[in-house]
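The lines below spell out each chain.
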Amino acid sequence: MKPSTQAKLWYAQRISAMVLALCVLVHLVTILYAIKSGLSASAILSRTQGNAAFAAFYGLFVVAVAIHAPIGLARVVEEWLGWRGRSLGIVMLALAALLTAMGARAVWGLYGG
Amino acid sequence: MQTLAVRIWRGGADGDFQRYDVPRRDSQTVLDVVTHVQRVIDPTLSYRFSCRVGMCGSCAMTVNGVARWTCRTHVSKVAVNDTLELAPLSNLPIVKDLTTDMTVFFDKWASARGQFKGDKTRADDFANVVPETPARKAADAAIECIGCGVCYASCDTVSWRPDYLGPAALNRAWSLVNDVRDTAQNERLRAIADDAGCHACHTHTSCAERCPKSLSPTAGISGLKKLSARAAIRGELD
Ligand code: HEM
Ligand code: SF4
Ligand code: SF4
Ligand code: FES
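Chains B and R supply the protein sequences, listed in that same order. Under our numbering, think of the first position of the first sequence as 1, with each following residue one higher. Under our numbering, think of the first position of the second sequence as 1, with each following residue one higher.
Careful: at least some of the hints might be erroneous.
Taking lysine to any residue and the SDA-like style, the derived pairs with C-alpha atoms no more than 25 Å apart in a straight line are [as the list claims (entries may be wrong)]:
hint : chain 1 : residue 1 : chain 2 : residue 2
1    : B       : K8        : R       : W9
2    : B       : K2        : R       : T203
3    : B       : K2        : R       : A231
4    : R       : K226      : B       : Q13
5    : B       : K2        : R       : W109
6    : B       : K8        : R       : A219
7    : R       : K226      : B       : A34
8    : B       : K2        : R       : R161
9    : R       : K226      : B       : A69
10   : B       : K2        : R       : G235
11   : B       : K8        : R       : E236
12   : B       : K8        : R       : D179
13   : B       : K8        : R       : Q185
14   : B       : K8        : R       : S222
15   : R       : K96       : R       : W9
16   : R       : K226      : B       : T5
17   : B       : K2        : R       : Q115
18   : B       : K8        : R       : A191
If you are wondering where the hints come from, they were derived from the structure by calculation, not from laboratory data.
Please take these sequences and the hints and turn them into a complete structure.
Right under this line is the structure:
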C-alpha cells in the first residue's frame with residue numbers, strides 16, 4: 001500500500017477511535033439510565049422513534065465502527081496471513097459496507113420502526 | 001567455591017544447549033561468564049564484545065529468555081538459583097553459538113533512511129540548534145542508541161512479520177526527523193510510513209522496556225505515525 005494511503009488510514013482509525021470512546025461512554029450512560037428508571041421496551045421505543053438526535057448519535061456510532069474496525073482488521077490480516085494489497089482493500093471496503101448496512105438497519109429499527 | 005551452572009547455545013539454528021560450570025565471583029557480569037568459558041573451558045565458543053562498558057552495542061544476548069547487554073548485566077541480577085541460560089538474540093539468523101548475523105538489522109536502518117542528509121558545506125557556518133526546542137529535545141531523547149539489537153530481538157511484531165523495519169531503525173528515523181538540519185524529511189517519511197514501517201507497530205512497548213539505554217522507540221514510532229499522517233494529509237507523501 002502507498003505510504004500516503006497507509007498514513008491517512010491510520011489517521012482515520014485514530015480519529016474514529018476517539019469518536020468510539022466517546023460513543024461508548026454515552027451509550028453506557030444511556031443504558032444505565034434506561035435500566036435504572038425501569039423503562040420497558042415499548043417505553044424505550046416511544047422515546048427513540050422520530051428522535052433525530054438519537055438517530056444522529058447512533059448513526060455517527062455506526063459510521064465510526066465501519067471506519068475503525070476494517071482498518072484494524074486489515075492490519076491483523078496483513079500480519080498473520082501475509083495478505084496485502086488491492087484485494088485486501090476491496091474485502092475491507094466490503095466489510096465497511098456490511099457494517100454500515102447492519103448498523104443502519106439497527107438505527108432505523110429504533111428510529112423509524 | 002560457589003559455581004554457576006551455565007547453559008550456552010552451541011552451533012547454528014539446529015544447535016543445542018551445552019552445560020558449563022563457571023566459578024561465581026563478586027561483581028561478575030554475564031559477559032565475564034562467557035569470557036571465562038571461552039578462555040578456560042572451550043576456546044571454540046564464539047561470541048561478540050568490544051568495549052565492555054556499554055558503549056559499542058556488540059555484546060547483546062538472550063539471558064534466561066530475555067535480551068540484554070551482557071557487559072553491564074550483573075549475574076546477581078539475572079541468575080536464578082545459580083543458573084544461567086545464554087542464547088543468541090532472537091529474530092536474527094544465528095551464525096554460530098552466541099553470534100547472530102546482524103545484516104538485516106542494519107539494512108533496515110538504511111531502508112528507514114537512517115542516514116543524515118544536509119545541504120551545508122564546510123564553508124558554511126555552524127548550524128544553530130537551540131537545545132530547548134521540542135524537536136531537539138525529541139531527537140536528544142532518541143539519539144543515544146548503541147545499535148545493540150535488544151529492542152529488535154524483543155519485538156513480537158518483528159517475529160510475526162519479518163519485513164517490519166523494527167524499533168531501532170524507526171528510532172533512528174525519529175531522531176533524524178527531528179533534526180532541523182536534515183533535508184530529506186519527506187523522503188524519510190515515505191520510507192517509514194508504509195505497512196512494514198511505523199504502522200506495523202502495535203505499541204506493545206517491549207522495546208522500550210528492554211532497551212538498555214532506556215530509550216523509548218515506542219514513543220518515537222508513535223511520533224512518526226502522527227508526522228506521516230500530517231504530511232500525507234498535506235499531500236507531501238504522494
Ligand atoms: C468500541 C470502541 C473502540 C475503541 C474506543 C477503540 C480504540 C482503539 C484505539 C485507541 C486504537 C489505536 C489506534 C491508534 O493507533 O491510534 C485502536 C486500534 C485498533 N482497533 Fe479499536 N477501538 C474500538 C473498537 C474496535 C472494534 C469493534 C474493532 C474490531 C472488530 C477494533 C479493532 C482494532 C484493531 C485491530 C486495531 C489496531 C491495533 C494495532 O494495529 O495495534 N477496535 N482501537
Ligand atoms: S512498541 Fe512497536 S516496535 Fe516496540 S516492541 Fe512493540 S511493536 Fe515492536
Ligand atoms: S534502541 Fe535501545 S535496544 Fe534498540 S538498538 Fe538502540 S540501544 Fe539497543
Ligand atoms: S561490550 Fe560494548 S556494549 Fe557490551
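Take a quick look at whether B/K2 and R/T203 sit within 25 Å of each other, Cα to Cα. Holds, at roughly 22 Å.
Please work out if B/K2 and R/G235 have their alpha carbons no farther apart than 25 Å. Between B/K2 and R/G235 the Cα gap is close to 12 Å, so the pair holds against 25 Å.
Is B/K8 close enough to R/W9, meaning Cα to Cα at most 25 Å? violated, 45 Å
With the threshold set at 25 Å, check whether the alpha-carbon distance from B/K8 to R/S222 stays at or below it. The hint holds at about 14 Å.
Restraint check for R/K226 with B/Q13, where alpha carbons must lie at most 25 Å apart: holds, 12 Å
Given the proposed pairing of B/K2 with R/R161, does the C-alpha separation stay at or below 25 Å? Distance ~18 Å between B/K2 and R/R161 Cα, so the pair holds.
Going straight from one Cα to the other, do B/K8 and R/A219 come out at no more than 25 Å? Satisfied, since the Cα-Cα distance of roughly 19 Å is no more than 25 Å.
So if I understand the rule, the pair passes when the alpha-carbon distance is 25 Å or less; does B/K2 with R/A231 pass? holds, 13 Å
Taking 25 Å as the top limit, are the C-alpha atoms of B/K8 and R/D179 close enough? Since the Cα atoms of B/K8 and R/D179 sit roughly 24 Å apart, the hinted pair holds (cutoff 25 Å).
Measure nothing beyond the straight line between the CA atoms of R/K226 and B/T5; if it is 25 Å or shorter, mark the hint as holding. holds, 14 Å
Check whether the Cα positions of R/K226 and B/A69 lie no farther apart than 25 Å. At roughly 20 Å apart (the allowed maximum being 25 Å), B/A69 and R/K226 satisfy the hint.
B/K2 and R/W109: Cα distance at most 25 Å? Given pair B/K2, R/W109 holds - Cα atoms ~20 Å apart, limit 25 Å.
In the structure shown, a violation is registered for the earlier hints numbered 1 and 7, in ascending order.
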